[in-house]
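> Note that the protein sequences, when read in sequence, are chains A and B. When you line the first sequence up against my numbering, it's residues 269 to 736, in that order. When you line the second sequence up against my numbering, it's residues 14 to 207, in that order.
None of these hints come from the bench; they were simulated from the model. None of these values were measured; they are calculated from a predicted model. You may find that some hints are simply not true.
Unchecked claim - Pairs of lysine-lysine residues, derived as DSBU-like cross-links and limited to a Cα-Cα distance of at most 35 angstroms, are as follows: (1) B:K109 to A:K359; (2) B:K109 to B:K137; (3) B:K137 to A:K589; (4) B:K15 to A:K589; (5) A:K590 to B:K109; (6) A:K582 to A:K601; (7) A:K359 to B:K15; (8) B:K137 to A:K582; (9) A:K601 to A:K526; (10) A:K272 to A:K526; (11) B:K137 to A:K590; (12) A:K582 to A:K344; (13) A:K582 to A:K691; (14) A:K590 to A:K601; (15) A:K606 to A:K691.
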Amino acid sequence: MSAKSLFEKVWDQHVVVPESEDTPAVLYIDLHLIHEVTTPQAYATLRAAGLPVRRPDRTVATMDHSTPTEPVTTLKDIDVVSQPAAARQIKAMIENCDEFGVHLYGFGSEHRGIVHVIGPELGATQPGKTIVCGDSHTSTHGAFGALAFGIGTTEVGHVLASQCLLQRRPRTLAINISGRLAEGVGAKDVILAIIGQIGVDGGTGHVIEYRGSAVAGLSMDERMTVCNMSIEAGARAGMMAPDDTTYEYLQGRELAPKGAAWEEALVRWRSLPSDPGARFDRELDLDVSNLAPMVTFGTNPGMVIPIDGTVPAKVADPGFKKALDYMQIEAGKPLLGKPVDVVFIGSCTNSRLSDLRQAAHILRGRKIPDSVRVLVVPGSQHIKHEAEAEGLDQIFLAAGAEWRESGCSMCLGMNGDTVASGKLSVSTSNRNFEGRQGPGARTILASPATAAATAVNGAVSDPRQFLN
Amino acid sequence: MKPIIRFSSHTVVLPFDDIDTDQIIPARFLTTTTREGLGDALFSDWRYDSDGSPDPDFVLNTPAAQGAEILVAGNNFGCGSSREHAPWALLDYGFKAVISTQLADIFRNNSLKNALVPIIVDPKTHAWLLEHPGTEVEVDLEDTVIRLANGQAVTFPLDRFSRYCMMHGTDQLGFLLQQDEAISAYERERAWPI
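Can you make the complete structure from the sequences, with help from the hints?
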């Protein structure tokens with residue numbers, strides 16, 4: 269038998285009907301994650317056709333995108349804290365899940381939160397699974413050795429109705445990551461460096477497998493941060509081989525296999541990593557030993573520099589000039605020391621407990637200048653409670669930050685948490701597109717450590733300044 | 014969906030690379046629960062001034078762009094989010110096709126599901142289209158070519174199944190539901206738990 273990659277194994281195991289020249293493959297989906305923004309039209313399709321949800325037991329639902337990060341105890345609160353359209357969408361999600369028999373991790377649930385945070389947290393995300401969601405950052409779940417990718421609302425309807433998708437097999441790209449990360453440099457810096465190197469369309473049509481010694485040394489939280497932003501390189505998905513770190517993370521979680529089923533799962537999962545000699549359509553090597561904390565300067569995640577570097581000057585490119593004009597950032601100058609208005613710590617990229625700990629480590633005992641608004645939004649209610657049990661909330665509040673309920677929040681500004689027009693934000697989220705955090709908002713992407721260092725100084729700062 | 018065989022229209026050009034879904038339709042418009050009516054929000058932050066009045070300098074607001082059904086955009090159009098609201102907004106505005114050198118995967122998939130024809134062309138053809146805004150282009154799904162005013166016919170890649178569905182106005186869900194027996198067999202026979 270020829271050597272197979274992790275991707276090929278997972279793909280092959282889920283083909284219900286093979287692809288031909290005339291028709292795409294019918295691919296079985298093990299886990300469908302849904303949220304309030306990309307499902308109402310899909311539910312409407314099912315309702316109009318009189319179709320049930322085929323596998324409500326393989327569907328995990330929550331509310332995150334347009335959901336408020338102000339406390340909501342009763343449904344009436346939504347009308348107070350949310351815009352009418354957002355409130356309608358949230359109520360529609362509750363009604364639709366109720367009507368179609370899908371369990372919703374909604375208000376009051378310990379596991380309500382960002383869909384890509386709760387999947388792993390519940391243990392629903394597992395190696396070897398096919399996982400989809402009407403959200404591009406579904407690539408996050410690839411950190412467990414799952415094949416996970418974002419889909420549109422029509423496809424959400426397809427999965428609800430058939431538990432399958434029509435798919436053409438993507439190509440593969442191996443990124444071999446070696447070296448040892450320096451202190452103050454983390455997973456966010458690695459993925460920003462990769463996107464900077466291959467570009468925002470460098471992964472188009474491909475599933476990336478991140479491999480190598482540097483990947484094996486990452487925690488699950490860090491692996492998720494890397495895989496999360498695969499889509500920012502245009503990739504269909506990002507994957508990493510499961511290993512003992514993966515299994516330790518999953519063991520005992522609510523939806524993870526138990527007892528004999530766990531032992532059987534382990535045997536299956538251990539067969540998933542790419543075989544020696546597995547072939548990829550493309551390969552790329554990256555040594556992270558000399559990597560510095562990375563920050564973006566433009567209006568896509570590929571426009572990125574080391575924090576101690578200077579903004580490049582590509583004056584001939586009209587798009588480049590447009591981006592710098594929008595950002596009010598000058599070519600040839602450093603970003604370090606640039607005053608900021610807002611710091612956002614959160615999003616499916618960086619809102620897990622270890623991210624909050626990193627930020628708290630720098631903010632502990634320090635004061636944020638009055639000129640800066642700092643918003644800390646945990647990825648799930650469970651993470652919120654874990655952080656509070658450790659006293660992280662008190663560190664954030666004492667420093668002058670806001671501490672909120674879980675959700676996508678200021679990553680995309682759908683729920684009222686926005687950056688005002690013209691204001692400059694340093695954000696641990698994943699997109700620095702024009703207006704992403706609000707109309708006219710300017711965004712610099714960075715790691716939680718860089719964001720926290722920036723919060724303390726009120727200006728773009730190198731987290732290595734706070735190493736002790 | 015209405016079947017599409019061929020149509021022609023003048024083009025409108027947005028020459029920038031990497032136009033993301035947040036530009037096509039900003040997130041604040043995604044609180045809708047229907048597919049319709051998103052055309053007014055298309056390219057909202059570029060199209061309107063902060064007081065809501067149309068920016069006369071933005072290409073879609075120019076007289077020449079009115080009625081255009083084909084958008085020619087810079088490389089990697091539609092990158093970013095999975096929001097199907099992006100093709101919905103383009104279609105609701107009146108576009109029927111997008112031409113670029115590369116389209117982001119999820120945007121391309123979403124376009125195919127809604128019969129917004131995603132057309133990828135070689136850099137030379139693309140450069141010619143960028144240099145000739147407003148030129149008349151014929152899109153032909155039968156032959157999978159676009160025909161240009163300079164006499165050139167340029168073929169473009171299109172998955173055979175999606176092409177069939179667009180030409181017949183077929184909803185792909187119907188095809189998928191016909192696979193029910195195979196899906197049930199897979200669920201029954203898989204060696205490890207579903």
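> Now tell me if each hint is right for this structure.
Tested hints:
no. : hint             : in the structure
1   : B:K109 to A:K359 : holds, 33 angstroms
2   : B:K109 to B:K137 : holds, 22 angstroms
3   : B:K137 to A:K589 : holds, 23 angstroms
4   : B:K15 to A:K589  : violated, 41 angstroms
5   : A:K590 to B:K109 : holds, 27 angstroms
6   : A:K582 to A:K601 : holds, 13 angstroms
7   : A:K359 to B:K15  : holds, 32 angstroms
8   : B:K137 to A:K582 : holds, 23 angstroms
9   : A:K601 to A:K526 : violated, 56 angstroms
10  : A:K272 to A:K526 : holds, 29 angstroms
11  : B:K137 to A:K590 : holds, 24 angstroms
12  : A:K582 to A:K344 : violated, 52 angstroms
13  : A:K582 to A:K691 : holds, 24 angstroms
14  : A:K590 to A:K601 : holds, 17 angstroms
15  : A:K606 to A:K691 : holds, 12 angstroms
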